[in-house]
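Colleague: The listed protein sequences correspond, in order, to chains C and Z.
Here the working numbering is used: the first residue of the first sequence is 158, the next is one more, and so on.
Here the working numbering is used: the first residue of the second sequence is 158, the next is one more, and so on.
Hints listed in this document are in silico derivations from the structure and should not be mistaken for laboratory results.
It is possible that some hints are incorrect.
Where chains are identical, the list cannot tell them apart; a pair therefore holds if satisfied intra-copy or between any two copies.
Said to hold, decoys possible - SDA-like mimics (lysine to any residue), calculated; alpha carbons at most 20 angstroms apart, straight line:
(1) K159 x Y486
(2) K404 x D290
(3) K288 x I406
(4) K402 x D369
(5) K404 x G291
(6) K409 x K429
(7) K289 x E405
(8) K342 x H226
(9) K342 x G261
(10) K409 x K425
(11) K425 x G401
(12) K422 x F407
(13) K272 x R245
(14) K404 x K429
Computed from a predicted structure; not experimentally measured.
2 protein chains.
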Amino acid sequence: MKIIVDAFGGDNAPLEILKGCAQAVDGLDIDILLTGRKEEILRVAKENDISLNRMEIIDAPDVITMEDHAGEIMKSKTNSSMAEGLRRLAAGEGDAFLSAGNSGALVVGATLLVKRIKGIKRIAFAPIIPKKDGCFMLIDSGANVECKPEMLCQFGVMGSIYMQKVMKIPNPRVALANIGTEEHKGGELQHEAYAMLQKTDLNFIGNVEARDVPIDAADVVVADGFTGNMFLKTYEGVAILLLGKLKEIFTKSALNKMAAAILLKDIKALMKTMDYNEYGGAPLMGCAKPVFKAHGSAKAKTFYNALRLTKAYVDGDVVSEIAGSVASYRESHGQESAEDDE
Amino acid sequence: MKIIVDAFGGDNAPLEILKGCAQAVDGLDIDILLTGRKEEILRVAKENDISLNRMEIIDAPDVITMEDHAGEIMKSKTNSSMAEGLRRLAAGEGDAFLSAGNSGALVVGATLLVKRIKGIKRIAFAPIIPKKDGCFMLIDSGANVECKPEMLCQFGVMGSIYMQKVMKIPNPRVALANIGTEEHKGGELQHEAYAMLQKTDLNFIGNVEARDVPIDAADVVVADGFTGNMFLKTYEGVAILLLGKLKEIFTKSALNKMAAAILLKDIKALMKTMDYNEYGGAPLMGCAKPVFKAHGSAKAKTFYNALRLTKAYVDGDVVSEIAGSVASYRESHGQESAEDDE
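The shape of chain C in the complex, shown without the other chains (with noise of 0.2 angstroms):
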């Protein structure tokens, strides 16, 4: 498997990508084909004595920063390491892109280079975030600012399959972001997204309220990419005003440094399974071919797992399972409903 590696996106290109990159040639057997300053790749490896064993470089003097719009990637900046690396996966010289770089690019890029499969109508960002015990997904996470009731009904089926076959979670339970549980709960996109969702062969179990989502309310939560992306921002700030919070105590006294001393090692497992940093990143769910995201502050260790679900991504074969559900619906709904937006 050859996966196309953006060089130059998030905060710690090309180092630490150049890291992640060469222990998962060995750890997860791939090859890798690089986008970005050829010159710069060739002396950061130099210097910090990384192997490029298996690795292939294409030059891409550009790069788009996270200050960039979105748009850029296909106007000023169609020579970046995202823009080279997402035109090479269409070309087929790779099975899937991995980048670190801006989400909104990255979605656009995505979207205009890579295409969306034949029926979806729009690419969802989806994070894998963590809960309880385990993860969940959040489809979509602020991709789309504003959907229809068929966008999210598509989220559902694509987060299913991914958790499926990437996830190895069973018959994934599929459910829909609201404002209480009962069916009449939401807005009109609530109402007939429900509604949509409940013809499907998903596991779809209804609503759910935001507050049971981090302990274990659902394996897919769909939403609207503004509702979304409010719960993500959401979950991020209490998770670290309360990090915050417990610092203060556990610094405040020689005693409490002593207490605190004690629980640091689970203290620290803790914070562990709470940063969705450590899931590696979000897949593009809808893209004709993988895409995935690793966080932007992603370090050698998060871009290996990124690159393991990445792997996982092409692996499941989530891609041609999504095209033929989508096929399969368009068939039995007299290709109706895939028509606008295309």
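Assemble the complex: chain C is given as a structure, and chain Z must be docked to it using the hints.
Modeller: Just chain Z, lined up with the frame of chain C:
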């Protein structure tokens, strides 16, 4: 001052409510008008040796349960303690109404029995929520699932007045909950609300991301009810998850238990600052007279806090301030904006 109290709202009615009221009569120097089953109130007070000094009782045979549909307050439950309390408030028999009962029914009942301030489009449910230091108001947190931009603008105005007059925060920072800080973020609702809020004389600081709210992004966070509810419930869910995980760590081994014992006092204090029940509840903003919602699980102390805040709601003259602000807005805008939805 006389506060009308729903003696049969919430999980711990009437005992904990009577206890809270008895403390408040002395502690806050208020008179109370209780609504509910008179015989039961008298019996519970007697059995528990609770003084009913400065309390009057209006008999109301019915109770709105947490399971009742909100609309029942105007249909099968017109003789409920909640409906009776709201009618007495409308009739001028008290200065404010406080209930720990069904939030939805309270919003419907307040809208139809107490009415809105002239020009205000919707009553909003606006809890006070702890942040890193102090607290902020989230308005709306669920009363209005679908909102128009002008409603959001009014929420900002009302929230600002409340935080100034009741919570004593000078020049409160008002922000719009959004998925990014840039002006172009979000959907149509956010774009239009942003433009309207910018034209007010509020201390409008623009968009805030949910991640930053728990730290200290703003004093008033404006959202449509769907988004606000999503934020509130996620906040609760993540806090429950993290505190549950901590408890596991603290009881994992004898050594951990010892360490936890040292930290216990500080951890408990943390949990208290993070518990939004401690703030007593949520005002209903936009009613023509002060209506306050205590948390459903309120015990005597929380109910006392709710009475304290209800008193401050009256003392702050919040309703008149809002009415004045809306009137001057209507004057300067030729009244064109407040005619629909009345």
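Colleague: All the hints need checking, so say for each whether the structure fits it.
Modeller: Results for each hint:
no. : hint        : result
1   : K159 x Y486 : neither (31 angstroms within a copy, 63 angstroms between copies)
2   : K404 x D290 : between (24 angstroms within a copy, 15 angstroms between copies)
3   : K288 x I406 : between (25 angstroms within a copy, 16 angstroms between copies)
4   : K402 x D369 : between (23 angstroms within a copy, 15 angstroms between copies)
5   : K404 x G291 : between (25 angstroms within a copy, 18 angstroms between copies)
6   : K409 x K429 : between (23 angstroms within a copy, 18 angstroms between copies)
7   : K289 x E405 : between (24 angstroms within a copy, 11 angstroms between copies)
8   : K342 x H226 : between (36 angstroms within a copy, 12 angstroms between copies)
9   : K342 x G261 : between (31 angstroms within a copy, 12 angstroms between copies)
10  : K409 x K425 : both (18 angstroms within a copy, 15 angstroms between copies)
11  : K425 x G401 : both (13 angstroms within a copy, 15 angstroms between copies)
12  : K422 x F407 : both (13 angstroms within a copy, 12 angstroms between copies)
13  : K272 x R245 : within (13 angstroms within a copy, 63 angstroms between copies)
14  : K404 x K429 : both (15 angstroms within a copy, 17 angstroms between copies)
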